[in-house]
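**Student:** Listed below are the residues making up each chain.
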Amino acid sequence: MSKARLVLVDDDDMLRAVLAGNLTEAGYETLQFGDPAEALVFLESAEGKMDLLILDWRMPGMTGLDLLKRLRSSGVETAALFFTSHNDIHFEEAALAFGAVDFIDKTRSFAILQKRIELIIGRAGLDGDASPPLCSGSLTLDAGSHSVHWRGRPIELTFGEFRVVSLLVQAGRDVTYREIYDALRGENFIAGDGAEGYRANVRALIKRLREKFVAADPSFNAIANYPGFGYRWLEGG
Amino acid sequence: MRARQLRLVSRSLTGKFVVLAIMFLVVPVILYVKFAEVDTERRNFLLHSLQVEGRLAAEALEPALSKASGKALLGAAKAVQDLANDQVHIKLLLRPVGRGDSFFLVAASPTIETADLDRERQRLDETGVLSRLDESCAGTGPLAVQYAGSSGKDELLTSMSPLHTAAGCWVILTSYGLEDLAGSSLTRPFSEAPEVRFAMVLYGLIALLAVMAVVGTLMDLRSFAKLARRIRQGDYSGNDSFAQVTVIPELIPVAGEFDRMVGTLDASARAMREAAEDNAHAFKGPIATLTQSIEPLRITARADPRSHRALEVIEHALERLTNLVHSARRLDETAAALINARLQRVDLARLAADMAAAFHRIHSADGIHVLAKGAAKAWVAATEESLETILENILDNAVGFSPKDGTVTVTVSTDSDSVRLLVEDEGPGVPPDQLESIFRRNFSHRPAERPSEEEGTAHFGVGLAVVRRTVEMLGGHVQAENIPDAGLRIAITLPAA
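For the protein sequence lines, the chains are A and B, in the order given. Read left to right, the first sequence gives residues 0 to 236 (numbering that gives the first Met the number 0). Read left to right, the second sequence gives residues 0 to 496 (numbering that gives the first Met the number 0).
Hint data in this document are derived by calculation from the structure and do not stem from the laboratory. Note that beta-carbon positions come from the ideal geometry of N, C-alpha and C, so glycine has one too. Every clue listed holds true.
With the C-beta cut set under 8 Å, the calculated list includes, among others, these residues of chain A facing chain B:
| no. | residue |
| --- | --- |
| 1 | Asp11 |
| 2 | Met13 |
| 3 | Leu14 |
| 4 | Gly20 |
| 5 | Glu24 |
| 6 | Asp87 |
| 7 | Lys105 |
| 8 | Thr106 |
| 9 | Phe109 |
| 10 | Arg198 |
| 11 | Ala199 |
| 12 | Phe228 |
According to the in silico footprint, chain B covers these stretches of chain A (three or more CB under 8 Å from chain B):
| no. | stretch |
| --- | --- |
| 13 | 72-86 |
| 14 | 214-227 |
Isolated chain A, as found in the complex:
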């Protein structure tokens, strides 16, 4: 099997250099660009298939999102993930809405990034070979295509969020903060967030999840909160 080809676009020279080194060391063929405009020119005319774009958000001249939009409009459909210091939900929503498959905080360790890359690249190879989608009331979860639909409308979720929704729906009972946190460990979350609380982390994630569902359906209230304990997915069968 040939090496997966990754394109790293980040204007931070130091970070780009070490990260590209790590990716190469991990066995990926890595192309790196400090200037998004150069990356655009290269990708639009590139020969051979790229497997994944790793994009920074804030860059001079063009944001990562602008780059992604322009690539999509010129027919480049390579999967993209954002590896960025921004974690405001608006950035994430915009990124996912324009076809990014994941949104990872830049302070996450290389191990986490690597795992996510493998999931994305590996999943691409698994297309058509997925387990049947899980349906629960108005919700459809397709682990194969990693797609989520609520009342027929698509909901853009990150890997971590997808995992939490699956956990809640499949549990069919109250799920503790701890369980949700454990499901996320090694994902988009900080391990051992200290006394300030893993609950705050979990709550922030649930808040984002609710916002995403409510954006698609204002009457959404399927995630019930049990204060001090955890959450429960309400709409069964």
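Use these hints to put chain B onto chain A, whose structure you have.
**Tutor:** Frame of chain A; chain B shown alone:
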């Protein structure tokens, strides 16, 4: 306290309005009673003077009537004409001796047509005045009898003066036309006088204006309060403004100031969010580079124990740094979110009981008990999330300080306008001079004998800072005190909803 209440009442617009309304109601009553008294006096006086006038007229006619000849009658008729004037009408009637009790109208001024004489006499008869005179032609009293005069105009009989002569019983009646000033002022209630009517209308207008001014101001203040409450509870759109709800033009500048204040508040919430995002973004860049740079070192340091150990220290420090950046961001974000959060009525008593139960379930294995007691219901204006954050951080803190087999007690109590939450532990407490500091960001006072935590996680002292900030954003306050020989008590007061 009492003086303050009195001062408040004396300054209250509603209070003044009530006083004003009472005055507007009482003043007309007082005026009416007073005017009515004066009017009665005036009427009596006028009537009296009219009667005197009538008597004088009778006395003036007496010499002429005493003669009782045909010529005398003519003389009497002329005397009647002389005595009468524009206002005073005089009628002379005679009941001749031996002709029963019927009267003849002998003369009148203004003159009555001969054809109408009998009808006029009948009408006078109908008033019943004449029947007051007895056989001896005596007996009279003050009169104020209205009747329809010959000219079709109403008249007021004001005096009746009998005079007994050889010819019979003479009666001199004086009357005033109702349309004349004297007549009208005698019969018409003073309240119907045009000038009084005018004054009443003016008074009504003044009252209406005063009521409109006060009611308008009160209504504006109410809409101000309603909008302010909606803004505080986050239940408003960008289109709502104080200037729009204001009806009174003079209040529009005030409303404008309020709008600018809200605008500034919104802008500062936005600025806080942006600053939180920007700060985090700025710190995360170097952290990311460090995190990625560790990766190759991990492989090379594997062989050398010292390098390996150094790498672990770096990783640990980096993790702490990352956590600091994340929690600082979250703190700022929480504060900004609460500035225009949509507040609801939340039952703090129920939430506290639920959370105490959840904490008890988690920590009873370590021998730490968490109990809730107090009020069954305690409604506060908040978001469930903000209250959960508050409770969670205090409970974390209390449990963290609790000795084995210690008990953390959560008590909720209510009074008329506030809800109080006490969380008491049996830990070592805090040195008195540091009681204020525990709510400072990044202040940590964790006793050495219970070093933090199973998973090697660190305590950054953000928890209680979050509590204070959240409580203050909800309009409440928090304080800490040592319970003598027992532990620490955190007391939170929130406005009741």
